[in-house]
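The chain contents come next:
Protein chains: 2
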Amino acid sequence: MKTIDYRHTDIEAGFFGDLQEKNATVSVQNIYQRFSETGRFRAMKCVRDDAHKPHIFWDSDIAKWLESVAYILAKREDAQLRRWADEAITDICASQLPCGYFNCYFQVYEPENIFQKRTEHELYCAGHLIEAAVALHEAGVDERLLAAMIRYADYIYERFYEKKDAGFFTCGHPEIELALVRLYGVTKQEKYLRLVRYFLDERGKHGEETYLFTYPIYHVDHQPVREMRTAEGHAVRALYLYIAMADMARIDGDGELAAACEAIFEDILAKKMYITGGTGSSFHGETFTFAYDLPNQFAYSETCAGIALCLFCDRLAKRKNRAKYHDIFERALYNVVLAGESQDGKGFFYVNPLEMHESLYDYNEGLRQKLFCPIPERVEVFDCSCCPPNLTRFLESIGSYIYGVEEGRILINQYISSHTHIGETSVRIRSQMPYCGKIGVSVAGTADLRLRVPSWQNGMQVRVNGKKVCSVSIEDEYLCIQCNGNTEIELDFCMQPRFVYANENVWYDNGRRAVEYGPLVLCGESVDNGKNLRAVRIPSLEGAQVQTEGEFSLTLPAVRLHTGPALYSTQAPTEEAISLRLIPYFAWANRGKGDMQIWWLP
Amino acid sequence: MKTIDYRHTDIEAGFFGDLQEKNATVSVQNIYQRFSETGRFRAMKCVRDDAHKPHIFWDSDIAKWLESVAYILAKREDAQLRRWADEAITDICASQLPCGYFNCYFQVYEPENIFQKRTEHELYCAGHLIEAAVALHEAGVDERLLAAMIRYADYIYERFYEKKDAGFFTCGHPEIELALVRLYGVTKQEKYLRLVRYFLDERGKHGEETYLFTYPIYHVDHQPVREMRTAEGHAVRALYLYIAMADMARIDGDGELAAACEAIFEDILAKKMYITGGTGSSFHGETFTFAYDLPNQFAYSETCAGIALCLFCDRLAKRKNRAKYHDIFERALYNVVLAGESQDGKGFFYVNPLEMHESLYDYNEGLRQKLFCPIPERVEVFDCSCCPPNLTRFLESIGSYIYGVEEGRILINQYISSHTHIGETSVRIRSQMPYCGKIGVSVAGTADLRLRVPSWQNGMQVRVNGKKVCSVSIEDEYLCIQCNGNTEIELDFCMQPRFVYANENVWYDNGRRAVEYGPLVLCGESVDNGKNLRAVRIPSLEGAQVQTEGEFSLTLPAVRLHTGPALYSTQAPTEEAISLRLIPYFAWANRGKGDMQIWWLP
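If you're matching them up, the sequences are chains A and B in order.
Just so it is clear: in the first sequence, position 184 is 184 by the working numbering, and no numbers are missing.
Just so it is clear: in the second sequence, position 30 is 30 by the working numbering, and no numbers are missing.
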């Protein structure tokens with residue numbers, strides 16, 4: 001399947017239109033300010049500044065911010081963003097070493113250790129700079145960074161592939177691999193694919209170790225990639241590697257890589273994914289742990305891992321399309337990914353827990369040595385601030401994940417209000433997602449149209465040109481509609497709240513159930529419902545009222561269990577009938593600190 | 001209330017008689033062997049041996065072993081134990097410095113740092129050596145160690161109290177305080193109480209800090225002792241301090257100390273104690289954390305903290321008797337404390353989790369950096385092996401916690417088969433505890449007898465000299481029986497299995513219930529019931545069958561929830577009727593590794 005690029009897709013007014021507006025007018029500006037204050041932009045000048053000593057991954061922060069700006073400027077002019085981007089690009093190009101190398105930390109602080117420390121993110125930073133350069137080029141914004149990054153990529157090729165004189169074989173944090181695939185996409189230089197193949201092939205063969213946490217499985221270096229069958233190690237590292245593996249499985253028609261990718265995807269889907277699409281169940285090492293280990297309070301579930309899972313789905317679908325990839329993309333997008341950002345567009349979560357108890361985190365705050373990673377409210381910048389600009393670049397390029405073309409058919413994979421042209425055919429989606437399952441699709445021209453049927457639909461209704469279609473044709477979870485001339489399609493996926501149960505092996509959720517609505521996982525917060533939501537039962541969904549005016553919510557009759565003051569008692573809890581207000585998980589923690597709950601007693 | 005000393009109480013055949021037999025013939029020997037192999041006994045010679053470099057707390061391991069042997073030799077001769085003890089005492093006395101100081105680590109490895117590092121357990125070790133010396137003296141086994149430890153205590157008095165030239169004010173790990181109270185008990189030297197008062201008074205005034213974890217609250221140095229109202233910090237350190245505070249509240253009639261002790265006890269009882277009597281909810285720092293934070297899988301609940309809670313109850317009761325102190329003593333004794341030892345008497349738990357999932361610990365085992373502290377099976381020795389000899393000394397002195405005398409009344413606080421003489425009166429208990437609530441008490445002589453009514457009794461029946469007593473007199477949870485001449489009392493506390501519910505604020509237990517039987521918390525193991533016991537419901541106790549032949553168990557109808565293979569599904573779990581076998585919590589993990597569960601779905 002080929003997907004239609006964001007450049008050829010116009011996001012229209014609606015849920016994602018609003019998000020992009022906020023993204024382009026608030027988030028990207030605010031991240032610029034925070035990155036400026038912390039010295040990140042100045043660091044691109046590669047002038048020693050001990051008061052703002054760069055972190056080893058600052059290059060990648062700036063790169064993802066530049067990539068976000070590329071996607072914005074492709075769609076709308078913004079003189080200030082363009083000027084800020086120009087300055088950063090100018091600084092990077094001016095600081096690049098004659099050999100092509102660029103890294104704001106190593107050049108200045110440890111030049112003797114260039115390409116010597118595999119866990120220090122050099123090639124990860126290079127990868128993000130390459131991605132930014134490709135994005136700026138494709139957006140028609142800038143050519144200087146692409147030229148500079150081609151030189152850098154060539155230098156990496158020389159050192160790692162030709163001379164093999166670097167201090168390690170593969171980078172501790174995958175990213176360069178998928179970036180080189182993108183660089184190949186615009187340069188068509190085979191050498192970049194050669195280098196990707198080399199980095200993939202060397203992984204898992206050398207048992208390279210360095211310090212704390214960075215034993216092989218942590219940086220996904222525990223076995224050769226073609227032998228991998230399960231998701232292991234640091235979730236973001238792992239998923240970035242899997243993205244590149246899926247890219248190369250497609251490009252090379254590499255069946256062994258494809259088999260590895262598909263097995264890993266099934267392992268995540270069946271055993272290692274939170275209901276929100278989050279991955280990484282332990283904050284110790286930010287890792288995948290073992291099958292069904294999905295603690296809610298102590299989830300890591302990094303925003304970047306959510307985005308990476310979406311990208312892995314996208315790459316798998318490009319190789320061999322399956323509706324399930326778009327289902328999981330949708331789950332991760334509307335839940336863990338969107339939860340990464342505050343409603344005002346300024347604050348971000350790195351870690352996305354699925355349950356919050358304020359007192360737990362108040363206690364944690366008071367400790368010298370922190371016990372828990374999740375925080376109860378989003379913040380504007382982190383020391384390791386990978387997630388904020390990752391989210392802005394992803395939201396701004398969301399147009400790349402809506403439409404596909406496969407064997408002459410036009411596929412609609414995500415229901416996001418937008419408009420595109422595919423050949424002679426124009427397609428427009430008017431979607432009320434994620435709060436309502438009513439979707440209009442207007443096709444002008446001829447199309448063998450395939451519309452993905454979401455796995456959550458509660459009895460689909462279809463009208464074509466005003467006429468109800470009683471017998472719909474569904475193939476492989478896609479609704480098939482042949483369009484000749486102007487065709488108006490009205491879909492209703494009939495959203496209804498539903499209970500969802502976790503597998504019996506998920507200890508943390510046994511005897512509990514979650515409430516979903518369309519693609520949304522819902523949660524309750526103490527600001528609406530009081531403290532200790534773990535003691536609340538939802539016996540039934542009867543009487544649930546959806547509120548779509550203003551902020552979306554679902555209000556339903558529930559029961560709060562009460563005990564007396566004793567710590568242990570032979571008296572069974574008493575039951576109080578309450579009205580419980582649920583909101584989308586992604587909207588939590590926007591009204592102050594408090595408790596949050598997804599899994600409820602039955 | 002005065003309690004009757006273990007020397008004046010003979011434990012008779014029965015549950016504790018068997019435990020003491022195993023203790024005296026297996027456990028103490030086996031600990032000796034393990035401590036010998038690891039170089040602990042040889043270390044008492046204070047000869048440098050880098051291959052077996054002593055840990056800073058090895059003195060205390062040997063001291064608690066010696067104390068165990070004192071209690072054994074007070075009751076029965078054992079030539080080998082006596083010889084081993086003699087050798088250790090000879091080594092300690094020979095190695096003691098002329099000034100009186102003794103520490104097998106500091107003398108040899110860091111003589112320049114004697115009394116300079118407050119977190120390095122020097123006074124903790126001294127305290128345990130003093131306790132051993134007092135016990136050996138009281139048991140009539142040895143006088144040399146007492147003489148040596150009086151010299152050591154005098155040296156501590158000189159350095160800390162008179163000259164105040166030590167490098168710190170109070171020891172990071174309390175223990176010296178309660179040991180000095182015991183030393184005062186045999187010497188009647190006021191100076192030792194003066195030193196206890198000083199150590200108590202200085203605590204919380206200096207904000208002494210050293211390294212990781214050892215900020216003030218961790219070593220219970222965060223506020224003056226009389227201002228304390230809640231249990232905080234490292235559980236064992238805290239409880240040892242509270243024991244000394246209760247001792248001094250009694251001895252000095254110090255109302256402020258008494259108020260602090262009582263408030264702390266209520267805080268533990270109402271908010272910070274596991275159903276097993278375990279304390280310390282976090283393995284990070286082995287600490288009390290905050291109210292209602294009682295995770296089951298990740299409990300610390302150290303065996304030593306269980307013993308310390310018993311001792312705190314004992315000291316509180318001595319100051320002002322209340323049945324609740326003996327209730328909590330009983331809960332901790334029959335659950336967390338006894339869980340510390342394997343059925344063969346050789347293996348020990350340091351950490352006592354309330355839920356075990358084998359795969360979690362298998363995963364932990366494979367990690368470079370461990371995430372969890374609990375282990376799934378007991379081991380014979382730890383690097384920090386404080387719990388094994390603490391348990392042996394406690395079990396061997398259990399006779400000290402059965403009988404009390406208060407205002408001329410004779411109190412029976414624990415139902416342990418035993419015999420004592422109090423004045424002219426002889427009292428014998430024949431108890432079927434903990435598996436049956438039938439207890440016989442024979443009194444020869446006159447007694448205003450008070451028998452504690454356990455809080456768990458299910459409808460008490462009383463016969464005196466064969467005649468049923470229809471209207472029993474109960475005062476303050478004690479049954480009152482006036483005995484004149486030979487009196488045979490038959491009690492039946494009518495044990496029945498019962499459900500127990502945790503307070504609504506205990507997140508980990510919401511929507512679940514435990515099963516207790518008499519003083520026992522019951523648990524289920526996968527060796528009897530298969531994996532994933534968190535998905536098992538106990539809808540009712542109807543049909544529960546008690547098995548008392550052989551190993552005690554309770555078998556009852558239950559329901560296992562099953563889901564399909566999907567990680568998330570809209571299908572509610574199906575229910576399978578099963579027969580669930582529960583055993584006493586203390587008996588878990590004696591039949592190989594597996595899962596264990598206390599809290600069940602309803």
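In case anyone wonders, no lab produced these hints; they're calculated from the structure.
Note that this is a predicted model, so its numbers are computed, not measured.
Treat the hints with caution; some may be incorrect.
Claimed, not checked - Here are the simulated SDA-like cross-link-like pairs (lysine to any residue), alpha carbons at most 20 angstroms apart as the crow flies:
#, chain 1, residue 1, chain 2, residue 2
1, B, Lys370, A, Asp293
2, A, Lys593, B, Pro557
3, B, Lys271, A, Thr570
4, B, Lys271, B, Ala291
5, B, Lys271, A, Pro565
6, B, Lys370, A, Asp201
Said to hold, decoys possible - Chain A regions said to be covered by chain B (calculated; three or more residues, Cβ under 8 angstroms):
#, segment
7, 62-73
8, 267-279
9, 426-439
10, 506-513
11, 532-544
Unchecked claim - Here are some chain B residues the structure puts well away from chain A; computed CB gaps all over 12 angstroms:
#, residue
12, Lys2
13, Asp86
14, Lys163
15, Gly185
16, Ala291
17, Asp383
18, Ile439
19, Ser442
20, Thr446
21, Gly511
22, Ala577
All residues carry an ideal CB built from backbone N, CA and C; glycine is no exception.
Which numbered hints are broken by the structure, listed smallest first? As far as the earlier hints go, 2, 6, 7, 9, 16, 21 are violated by this structure, in ascending order.
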